[in-house]
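These protein sequence lines map, in sequence, to chains R and B.
Residues in the first sequence are numbered consecutively from 1, following this note's numbering.
Residues in the second sequence are numbered consecutively from 208, following this note's numbering.
It should be emphasised that the hints constitute simulated quantities derived from the structure, not laboratory data.
There are no misleading hints in this set.
Below, in silico cross-link-like pairs of lysine to aspartate or glutamate (EDC-like), each with a Cα-Cα straight-line distance of 20 Å or less:
#1 R/K124 - B/E328
#2 R/K124 - B/E237
#3 R/K144 - B/E237
#4 R/K177 - R/E189
#5 B/K242 - R/E136
#6 B/K467 - R/E85
#7 B/K242 - B/E227
#8 R/K124 - B/D231
#9 B/K505 - B/D525
#10 B/K505 - B/E399
#11 R/K84 - B/D291
#12 B/K253 - B/D419
#13 R/K84 - B/D295
#14 R/K84 - B/E356
If you want a taste of the chain B side facing chain R, the calculated C-beta under 8 Å gives, among others:
#15 I240
#16 I293
#17 L316
#18 Y321
#19 E328
#20 S341
#21 I343
#22 A344
#23 S347
#24 L352
Glycine included, each C-beta is placed from N, C-alpha and C at the ideal position.
For reference, the chains in residue letters:
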Amino acid sequence: MVEQVMLKETVEMIRINHQSVFDLLDVPFYQEDFVFFPKLALALGEAVEMTTEKASKIGVLSEIIHLSSKIHLMIAEDTPTVQKERQQMQLPILVGDLLYGRFINYLTVHNLEQYLPLYLQYLKNLNSNAANSLREQTAWQKDKFAHQVEMLAAMTVEVFVLASAEERRELLSAKAKQMVTEKLPAWVEKKIMSLAELESLAETEKI
Amino acid sequence: MFKMLGQAYGMQKNLNKVEEFLNDFMTFNEPYISKSALEVLSSGGKRVRPTLVILTASAFGQEEKAIPLAAAMELIHMSSLIHDDIIDGADTRRGMPTLNVAHSRQYALHTGDYVLTKAVELVSEQPNGQRLLSVIADLSIEMSLGEIEQLRTMYDVEQTVEDYNYRIDRKTALLMATSCQAGALVAYAPEELADLYYQIGHNLGMAFQIKDDILDFETSAKKLGKPAGEDLARGIMTLPTILVLQKDFAEREWLINAIKQRFPGGRAEVNRAIEIIKEQNGLEAAHEYSLQYVAEAKKCIALLPEHPVQKTLLAGADYIIERSF
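With the rest of the complex left out, here is chain R (with noise of 0.2 Å):
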């Protein structure tokens, strides 16, 4: 069911004008560019137990920017056709910065900015190792797209291991106040206590 509800939020992200980027760009795209990041993110959500409200989101979120990434690194150098030129280069790079501004415009609506930090960080490190790789024409261009889905999957259990963390954070913190709010009132009472009290209370098993 989530799994569902991931795609089809995916598909509104692809859609353009009453167009998908299916219908404008000559571009291959496979089942795994749609499905791989969503059940990664519910994977690493159900192993650090986390919601799957909060996973999906995650998920949504890795999955854009997947796209984004991977239909800039698609975009080709020759052209030879002005058809050509407009679907496999044009509008690729426009579909690309298209799905960029949905992937911020997701990360705000849904409060997720947090996480931002580290999909920059993504960002920056493929786009340096791209450039860098074409300079000096290194072989990372020839496996670019596996190494944006590894880079992406990479950043995406840092994103789980933050996001985790404040889970957590929020439970502990939650039963911390639970605890503050059943003993105060008794604290303040200002008994005071003795040392023979305190040994007493020592021996006991339980406090």
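Given the coordinates of chain R, work out where chain B should sit on it, guided by the hints.
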């Protein structure tokens, strides 16, 4: 334009600081991208967006605080220009080879993406960063939609003034509107005041782009840094062309066919088309539209709380109309 006004109205010190900030900021630990980005930065540019940020922030006494945000808006503009140059197949910008020509399309794309990422990072670190991020997201989405629409409507002789407004709103006006709004937001100005600055920037932006499109017809390649009539040659229907095509005149069919067939006669045909558009008063008609937007901007400026920034904005509005480059 606004740089000149900055000098006149005491903003030059802060604009210099924006420039210093940009140069320092772009010297990041990525030698290739950093060098390329600094080359693009140093090639010039009117710095309209940062000037608007500083200007509006100055209305709240927050001009120093707005310097990083002003730099971020220029970086957002810069990254869009790098991508535009790839899309347009531009060989030069401001007389310098574009990154896509000097290196490759993909290299230019990744450089533009890196610069944009750094800009977003910078925005997120500013006062009221969360609100600013939301504004930047909307801007990015709408700018992309406008560019996609521009691609879709190239050589389309059926376009209306509304179609044109949709495109230039997203191409130019939105970033200027957002720059004005951002200067107010970073100062935690009330939303209604930030909105008013947005409207001012929007109207100035629309007038600015219309003027740009007029100048494309009448200014020499040397002065503009690009060939005259370049937009028309590339099939971008700007307001002078659209307004002329709405009229009935002897050479209308010739003009429509030349555009639809993408000027098979080359530069000579483009030049004849430019002549026709001028003869049919397309430039004057477009000028009237820009005057309307400037008048609207001035109405909004008059609603601002009394402050010297009003004078600067009014002078800027006049300069948009009077400029020759």
